[in-house]
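Peer 1: With the sequences and hints as input, model every part of the structure.
Order-wise, the sequence lines are chains A and B. So the first sequence is numbered by the working numbering: it starts at 474 and just counts up by one. So the second sequence is numbered by the working numbering: it starts at 89 and just counts up by one.
Incorrect hints may have been included.
Covered stretches of chain A (chain B as the covering partner; in silico rule of three or more C-beta atoms under 8 angstroms from a C-beta of chain B) [as the list claims (entries may be wrong)]:
(1) 475-482
(2) 560-567
(3) 574-584
Some chain B residues close to chain A (C-beta under 8 angstroms, calculated; not the full set) [to be verified]:
(4) Thr136
(5) Leu158
(6) Tyr166
(7) Thr170
(8) Pro172
(9) Asp176
(10) Met186
(11) Leu189
Some, not all, of what chain B presents toward chain A, calculated at C-beta under 10 angstroms [said to hold, decoys possible]:
(12) Pro140
(13) Glu159
(14) Arg163
(15) Val171
(16) Met177
(17) Asp188
(18) Arg190
Hint data in this document are derived by calculation from the structure and do not stem from the laboratory. All residues carry an ideal CB built from backbone N, CA and C; glycine is no exception.
So the chains spell out like this:
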Amino acid sequence: MRNAWVIARREYNHYFSTTVSYSVALTILFVLGAIFFLVLNQAIQNAFNGGSTAGAAVAPDIKVIAVWFTIMSVLTVPALTMRLISDENRMGTLELLLTAPLQDWELIVGKWLGALLFLLTILAVTLVYPIILNIYETPGTNLQWQVLSLIILSIALIAMFWNLVIGERLRGLFILFGIWIVAIIAAILLYKFTVPGIDWGLTLSIYIGLFLVCAAFLAIGVGMSSLFSNQIAAFIVTILAFVFLWWILGFITEFTQGIASGIFGYLDMGSHFNNDFIAGTIDLPDLIYYLSLTALGLFIGTTAVESRRWS
Amino acid sequence: MIRVENLTKDYGSRRAISGLNFEAEQGEVVGFLGPNGAEETTTIRILTGYMPPTDGTAIVAGYDVVNESLEVRRRVGYLPETVPLYTDMTAVDYLQFMADLRHIPHSKDRAYEALKTVGLENRAESYIGSLSKGMRQRVGLAQALIHQPEVLILDEPTIGLDPAQVVEVRNVIKDIGKQRTVLLSTHILSEAQQICDRVLIINKGKIVAEDTPENLQSRLTGSERVSLLVRGEMDELPKVLNKIKGVQRVESMPNGSVEFQFAPGQDVRPEVAKTVIEAGYDLLEMRPVGMSLEEIFLELTREDRPVRRNKSRGEP
Ligand SMILES: Nc1ncnc2c1ncn2[C@@H]1O[C@H](COP(=O)(O)OP(=O)(O)OP(=O)(O)O)[C@@H](O)[C@H]1O
Ligand SMILES: [Mg+2]
Numbered sequence: 474m475r476n477a478w479v480i481a482r483r484e485y486n487h488y489f490s491t492t493v494s495y496s497v498a499l500t501i502l503f504v505l506g507a508i509f510f511l512v513l514n515q516a517i518q519n520a521f522n523g524g525s526t527a528g529a530a531v532a533p534d535i536k537v538i539a540v541w542f543t544i545m546s547v548l549t550v551p552a553l554t555m556r557l558i559s560d561e562n563r564m565g566t567l568e569l570l571l572t573a574p575l576q577d578w579e580l581i582v583g584k585w586l587g588a589l590l591f592l593l594t595i596l597a598v599t600l601v602y603p604i605i606l607n608i609y610e611t612p613g614t615n616l617q618w619q620v621l622s623l624i625i626l627s628i629a630l631i632a633m634f635w636n637l638v639i640g641e642r643l644r645g646l647f648i649l650f651g652i653w654i655v656a657i658i659a660a661i662l663l664y665k666f667t668v669p670g671i672d673w674g675l676t677l678s679i680y681i682g683l684f685l686v687c688a689a690f691l692a693i694g695v696g697m698s699s700l701f702s703n704q705i706a707a708f709i710v711t712i713l714a715f716v717f718l719w720w721i722l723g724f725i726t727e728f729t730q731g732i733a734s735g736i737f738g739y740l741d742m743g744s745h746f747n748n749d750f751i752a753g754t755i756d757l758p759d760l761i762y763y764l765s766l767t768a769l770g771l772f773i774g775t776t777a778v779e780s781r782r783w784s
Numbered sequence: 089m090i091r092v093e094n095l096t097k098d099y100g101s102r103r104a105i106s107g108l109n110f111e112a113e114q115g116e117v118v119g120f121l122g123p124n125g126a127e128e129t130t131t132i133r134i135l136t137g138y139m140p141p142t143d144g145t146a147i148v149a150g151y152d153v154v155n156e157s158l159e160v161r162r163r164v165g166y167l168p169e170t171v172p173l174y175t176d177m178t179a180v181d182y183l184q185f186m187a188d189l190r191h192i193p194h195s196k197d198r199a200y201e202a203l204k205t206v207g208l209e210n211r212a213e214s215y216i217g218s219l220s221k222g223m224r225q226r227v228g229l230a231q232a233l234i235h236q237p238e239v240l241i242l243d244e245p246t247i248g249l250d251p252a253q254v255v256e257v258r259n260v261i262k263d264i265g266k267q268r269t270v271l272l273s274t275h276i277l278s279e280a281q282q283i284c285d286r287v288l289i290i291n292k293g294k295i296v297a298e299d300t301p302e303n304l305q306s307r308l309t310g311s312e313r314v315s316l317l318v319r320g321e322m323d324e325l326p327k328v329l330n331k332i333k334g335v336q337r338v339e340s341m342p343n344g345s346v347e348f349q350f351a352p353g354q355d356v357r358p359e360v361a362k363t364v365i366e367a368g369y370d371l372l373e374m375r376p377v378g379m380s381l382e383e384i385f386l387e388l389t390r391e392d393r394p395v396r397r398n399k400s401r402g403e404p
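Peer 2: Shown next, in the form of structure tokens:
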């Protein structure tokens, strides 16, 4: 496992030296930022109309952001994973890794973990949205808490970016995560005991769901990257696999009935997230589904690397 | 220690290596010599655990390369032919990464030490992509040395180095070879002659000769050859020499000298000297000429030559 961590660390650092990964990060964050602006705008409109119309104002939440994060993942994760193994093969460094004292699965898990840490860094930045929503949700009340959470937010972001800039990338990520966890626990406590803000239980469920989706996508990506010697081929096959798992299986489910529909429905990667995690329910079948998909991706990767030795 | 028994490797339906046998002991530098495509790299890749053989066994550092691959890989330092490096890392980061994979404590210090061994300490912070080919070669060598391996396997280690560096690197290898086992492949025959205790000549996946560089020379010719330089009537000289008993294969060389040979144990040189002087020639030079390793190599790997296995051990 220690070797996997050594590989993951190198891989994580490597993402900060390629333009592809910066483009992916910027695209995801730009799209989410634009969507968030629209969501907030809509919520403000609703709030103004809320008094005059019958129903209460619809409370804004981060569901839309989460859905768009998954859509962006389908489209961009293949670009993050395509080179993981195929590039090692192209540069000949695979020979180095395969003659070093590490197991084939450690190599695959390390690659996957490195990519996961990078995607989680992007995901961590999106945590500003629930915090901003929370501030918006409870205007005027508990002003000192609002200011405090804003300060925490700023410190966390500055700390992360500073550490990224000076090259201590993992430390930056860990500082960010550490502060977020404290902030979320504080927010949940606040929500429970003082003022009602956004639903933090729901937010937590959504982020757990996103984490599992990322893990599964990246594992499949690593698997595909080790099947193909060419990274463009790996990219195309990975994105096709994602589109199939995330959308096409959903269509198939709708056009089938009975047992077949049940099976396709369970295999449909999107439904587990869009029906359960996003509604705040975490069921065992959902967990099992994403974890086994992750394991399958890592297994394909390990087998592919092993079979390269025998070719 | 390396022990290879009956090693066989098929690439698809093509038999690349067939029944390879050899050994390399601790404290020995063994050179692997062969023409392009002779399967040196294939053999080396099997010994380093990169790919398994089709048949036969290979024991490296006391462990089987198939069943105990991880143990072998812990104890072997390997410089692949392609010198794979991460060009986006600095030399020291790269070495630290490789050292971390081997769980070496104080990996950063060790990385600097390894760079010092190959004379690159002043480029430690340079990105590998910005280093010259020879420098990259040395970073690759540092990577192979970083864990002070029991067995060092180098695939053409001195390619692309400048003459001064070639000497340096050869000394490093020789030094390591005093206590550990070194197997290196090379096309530079003088290199093999210089640093190898033993040479394996391989062709088409088979060993065609195996001995010390010196023994190979004398065994292959099976006789001693002498070059003779005189002043006088040159056209007559071969006739004069041919009359002497024991003198064989007299040849006039383009540089004006004459070469002949005699069977070991029947030294004809005193007789030749006397005869030549009596015939009125001035004797300028008489010296033994060995067949160079180049010639041996060409001779052994010639297409039309029937493949013959030589083993030094247990043979007179
Ligand atoms: N993975 C592979 N699959 C099929 N054939 C291969 C493979 N790797 C090498 N070969 C073939 O095996 C032969 C020997 O290759 P190898 O690299 O061992 O040669 P070599 O003796 O090291 O040559 P050189 O002296 O040029 O380095 C070549 O014809 C090569 O094409
Ligand atoms: Mg070779």
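Peer 1: With reference to the structure, classify each hint as holding or not holding.
Peer 2: So, going through the hints one by one against the coordinates:
Counting residues of the stretch 475-482 of chain A whose beta carbon lies closer than 8 angstroms to any beta carbon of chain B gives 4, which reaches the threshold of three, so the coverage claim holds. Counting residues of the stretch 560-567 of chain A whose C-beta lies closer than 8 angstroms to any C-beta of chain B gives 4; at least three are required, and the coverage claim holds. Against chain B, the stretch 574-584 of chain A contributes 3 residues with a C-beta closer than 8 angstroms to a partner C-beta. That satisfies the three-residue criterion, and the hint holds. Evaluation of the threonine 136(B) hint against chain A yields a held restraint, the C-beta minimum of about 5 angstroms falling below 8 angstroms.
Satisfaction of the interface hint for leucine 158(B) is found here, the shortest Cβ-Cβ separation to chain A being roughly 5 angstroms, below the 8 angstroms cut-off. For tyrosine 166(B), the suggested interface contact is upheld, since its CB lies about 5 angstroms from the closest CB of chain A, less than 8 angstroms. With 8 angstroms as the threshold, the beta carbon of threonine 170(B) comes within range of chain A, its nearest partner Cβ sitting at about 4 angstroms, so the hint holds. Because the beta carbon of proline 172(B) sits about 4 angstroms from the nearest beta carbon in chain A, less than 8 angstroms, this interface hint is met.
Taken as an interface hint, aspartate 176(B) checks out: its beta carbon lies about 5 angstroms from the nearest beta carbon of chain A, inside 8 angstroms. Among the interface hints, the one on methionine 186(B) holds; its C-beta lies about 7 angstroms from the nearest C-beta in chain A, closer than the 8 angstroms criterion. With its C-beta approaching chain A no nearer than about 5 angstroms, leucine 189(B) sits inside the 8 angstroms limit, and its interface hint holds. Given hint, proline 140(B) at the interface with chain A, holds; its Cβ is 6 angstroms from that chain's nearest Cβ, closer than 10 angstroms.
Checking glutamate 159(B) against chain A by beta carbon gives a least distance of about 8 angstroms; that is within 10 angstroms, so the hint holds. The interface hint given for arginine 163(B) holds, since its Cβ lies 9 angstroms from the closest Cβ of chain A, which is under the 10 angstroms cut-off. Taking 10 angstroms as the C-beta contact cut-off toward chain A, the hint placing valine 171(B) at the interface holds, the least distance being around 8 angstroms. For the restraint placing methionine 177(B) at the interface with chain A, the shortest Cβ-Cβ distance is roughly 8 angstroms, inside the 10 angstroms limit, so the hint holds.
Proximity of aspartate 188(B) to chain A holds as hinted, the smallest CB-CB distance being about 4 angstroms (cut-off 10 angstroms). For arginine 190(B), the suggested interface contact is upheld, since its CB lies about 6 angstroms from the closest CB of chain A, less than 10 angstroms.
Hint compliance for this structure: no hint is broken.
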